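Participant: Listed below are the residues making up each chain.
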Amino acid sequence: MITALLALIASLFALALAAVALRRAPSATTLVYGGALALTLALLALAAVALATLGQGAREATLPLGLPWLGAHVRLDALAAFFLVVIDLAAAAASLYALGYGAHEPEPGRVLPFFPAFLAAMNLVVLAADAYSFLFAWELMSLASWALVLAQHREAENVAAGTLYLLMASFGTLALLLGFGFLAGASGDYSFAAMAARRPAAWVGALVLALALLGAGSKAGLVPLHVWLPRAHPAAPSHVSALMSGAMTKVAVYAFIRIVFQLAGPPSWWWGLVVLALGGVSVVLGVLHALMETDIKRLLAYSTIENIGLIFASLGLALAFRAIAMGAVATGAAATGADAMGAAAALAMTAALFHAFNHMLFKSTLFFGAGAVLTATGARDLDRLGGLIHRMRSLAVPMLGACLAIAALPPFNGFASEWLAFQAILLSPDLPQWGLKLAVPATGTLLALGAALAAACFVRFYGLAFLGRPRSPAAAEATETDRASLAAIWGLGALCLLAGLFPGAVIDAIAPAVQASVAARMPLQTGLPWLTIIPVAASRSSYNGILIFLFITASALMVAAAVHRFASRAARRYRAWDCGFGDVGIGAQYSAASFAQPIRRAFGTAIFRASGVVEMPPPGSTAPARIRQSRIDPVWEGLYAPLVGLVWGLADRLNFLQFLSIRRFMSFVFLALVFLLLVLAVWH
Amino acid sequence: MALIRAIAIQGLEMLLVLALAPLLTGFVRKLKARLQRRAGPPLLQPYRDLRRLLGKEVVLADNASWLFRSAPYLIFATTWVAAALVPTFGAGLMFSWSGDLIVITALLGSARFFLALAGLDAGTSFGGIGASREVMIASLGEPALIMIVFTLALVAGSSQLSHVALFMLSAAAGLRVSLALALFALVIVALAENSRIPVDNPATHLELTMVHEAMVLEYSGRHLAMIELAGFVQLLLYVSLIACVFAPFLLAPVQASAADYALGIVAYGGKLAVGGALLAGFETATAKMRVFRLPNLLGAALMLGLLATLLLFVSRTL
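From first to last, the protein sequence lines stand for chains D and E.
Residue numbers for the first sequence follow the numbering used here, so the first one is 1227 and each next one is one higher.
Residue numbers for the second sequence follow the numbering used here, so the first one is 124 and each next one is one higher.
Hints may contain errors.
[What the hints assert, rightly or not] Negatives, chain D to chain E, calculated, CB over 10 Å: (1) 1412; (2) 1655; (3) 1845.
[Claimed, not checked] Per the computed footprint, the stretches of chain D lying under chain E, defined by three or more beta-carbons under 8 Å from a beta-carbon of chain E, are: (4) 1639-1652; (5) 1667-1680.
I should point out that these hints are in silico values taken from the structure, not numbers from a laboratory.
On a predicted model such as this, the values are computed, not experimentally measured, just so you know.
Think of the CB as a built atom: it goes at the ideal place given N, C-alpha and C, for glycine as much as any other residue.
Construct the entire structure; sequences and hints are all you get.
Facilitator: Quick look at the structure:
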């Protein structure tokens, strides 16, 4: 199995090379995306089989690549298989979508070679089982996605985004490198198996947690390392944006789980606290930014930060529960307590993985839809869209489904995973530490706030882009998008609904991955009557997505049929009533800024120092009145701006070094040499 | 046989909810009018309004899409299903196990989602005002409700509403500070979600002060009837929710006899009357708030909910 996986990944790399040669051929787009589709579908099938059959076993292989004394270790276990499913499902959908969307690419040669390489690198990160090949694949993933961000490199904004992304990616890799260094210790054995066997000291574990948060968190977009994400993700072509938001952030989640849950040794309870807090803050900050954003792709990128926050908050809970469970086992305390804590850890971990899967589904759908809107109208600004439900009828339906899913509304999948996260929170009063007792309800509030704000955010997104009257001539003349794109969007949208209707099947499918990471699993769900899910006990809570869905559909249809049969079915079209004001024009509709204004006023002034200045011309003047609104990212102002200032200041101070005479330069080189020799002499 | 009985009781419950909902609203309106020394509309006026609206032709705005036409039925259906999950006269009805309090919250959220979208659909400025204010109110009201749910779930050891109600009925419930805070917060949320007076005025038609009415401004005929009916059901739902948690007297237990159910229905009628009377009295005694004062009120509900949950987390070890 693992040989087949590796062969498919190698074929993706070969496809990337072929794309370099083919990039000027007219059929290159079809060939490359078709090839990527076939290969990722095969990978997806293999990964799904592996997830279903591996159980707690694993397949390993060592390739004679990489460092000569180490070789490249690859290992496929249930956790890796789950993330392979997530990545390759997103990749297959993106390839299918790009079969249609890729035709609109102005310079396909800048996208085609990097796309298969990006897919292959993401797969390879998940399979890698030693630090060297992991970091190699990780860097390859970063660089391939960086090249894709710069696909449209003539726009200054994209170049700035690419530079920032490159900086943050290098910083993240550096943090991971250091983390692996600490884990490998003096012996220098870089295979994951050796690291896991070493059981590092407590302070090393804590340091590794911090470095994993920096390394994986910066790639995932966790606050305060998120600043690059809303600039870089939207800059790429839409199918790549979908992959970066839907799949690459999940690779980062995978890296975090692999390092912190499996390699960093037994966790302390406060690890959970730190992760929980960062997750909670990401949720609220991400969704508030999304609410005030008018660029649709950037709005979706901000919402990714929110969803990553939810995943990390669940991971933090899982970490806390796991720490207590392992502590109870170690001290030989009441075995039942340890079991309950283990089950709670499994519940929180299931919520995290389930949400990772769900987020891949709906965020990819939404980015695909945003790409379709972009090609149909040429606009990314909400204030230039509107009324697309009439012009893009087959796009509007799955997009509505994806909006409901991301707003965590039943019976879609987003609700199911959010519900599991809330159930995990409800189990946490049993945690003994005071810090957790105070932090968990606070995080619960942040998650609840995030869910409600996400609903507001996607009412705004859908309502302004698809409903109302067209706000620009381009939106009024939009046409349906192509079949391949629609197939990808409908496919993922249908999966959003299916995963929400049968959450029990998904929970059971990911149970081996949960078991691999927290050594416990949720009770089996598929055997329960009526396809209900019961996370802990029937007396505590239960949810039945399919029954709720059927009841809502049945009662809506029944009532509609009854009303039409017995009461009235007449309908007439007329000018909108609008309280009798008559038609005052399209510009009188609510705009993106005006829709967000109440929330901006309620939350934004405190958090973003949002301000609006009205410039009212004096009476008699014919100049237009203007309102200028601004907001700042507190993280950027508080953390990055001083850092940038510091670097610039230092650069200014050290500038004189560039203008020295050759003598001085020579003496500097000599001094450096002496210094290094001295260091060596003292060291030994 | 047992299954048929369970289905019959559940069906009875859903029909009862539907039948009583307009009456409750009519009762509140009548009582409010009497308190303000007006004669007020007859008690059965909401039924007549519904019948009149149902028979009328629908006038659709030029720009209205299929979403605008299907939203009223979806809004009604989600609200009705949510109401079926709340124990009214009996706990542990057949359908109550398919969702807990979090599901009820989310179902009401779905209804609001569709309503706000419908408000934006016609492309008018009033629809936009209503939708944007509604989501602002909900963005604080919904988390407050979730925190109340957490409080109740932690007290009763279950987020299943039937279990919560039966627990509150048992001697183990007792008096708790958390419950008092939760009740206070729940009342605020209920007022906000039902567009009642300090938050919104259900009787106003002054454009700039309205929230809910602005969203449904473009609706007419049978569509408006469905939305009105959903509103009635939602008010009933919140009164039932408060009643079944904080006054679960005479609630028929799981697998009860016919006499228990009959008693439960009578008691339920009484609870609705008391709830309606309290609402009418409160609305008469207060004035509507400015829209931008609302975040303070709802933020207070959220903080009360958080405080109630925190107290429970902390008191676990004391």
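Participant: Now, for every hint given, state plainly whether the structure supports it.
Facilitator: Do the hints match the structure? See the list:
Remark: the non-interface label on residue 1412 of chain D is consistent with the geometry, its nearest Cβ contact in chain E lying 42 Å away (cut-off 10 Å). The Cβ of residue 1655 of chain D does not lie farther than 10 Å from every Cβ of chain E; its closest approach is about 5 Å, which violates its non-interface assignment. In this structure residue 1845 of chain D is separated from chain E by more than 10 Å, as the shortest Cβ-Cβ distance comes to about 24 Å. Counting residues of the stretch 1639-1652 of chain D whose C-beta sits closer than 8 Å to any C-beta of chain E gives 6, which meets the bar of three, so the coverage hint holds.
Evaluation of the coverage hint for the stretch 1667-1680 of chain D: fulfilled, as 9 residues show C-beta separations to chain E shorter than 8 Å, against a requirement of three.
Checked against the numbered hints above, the structure violates only hint 2.
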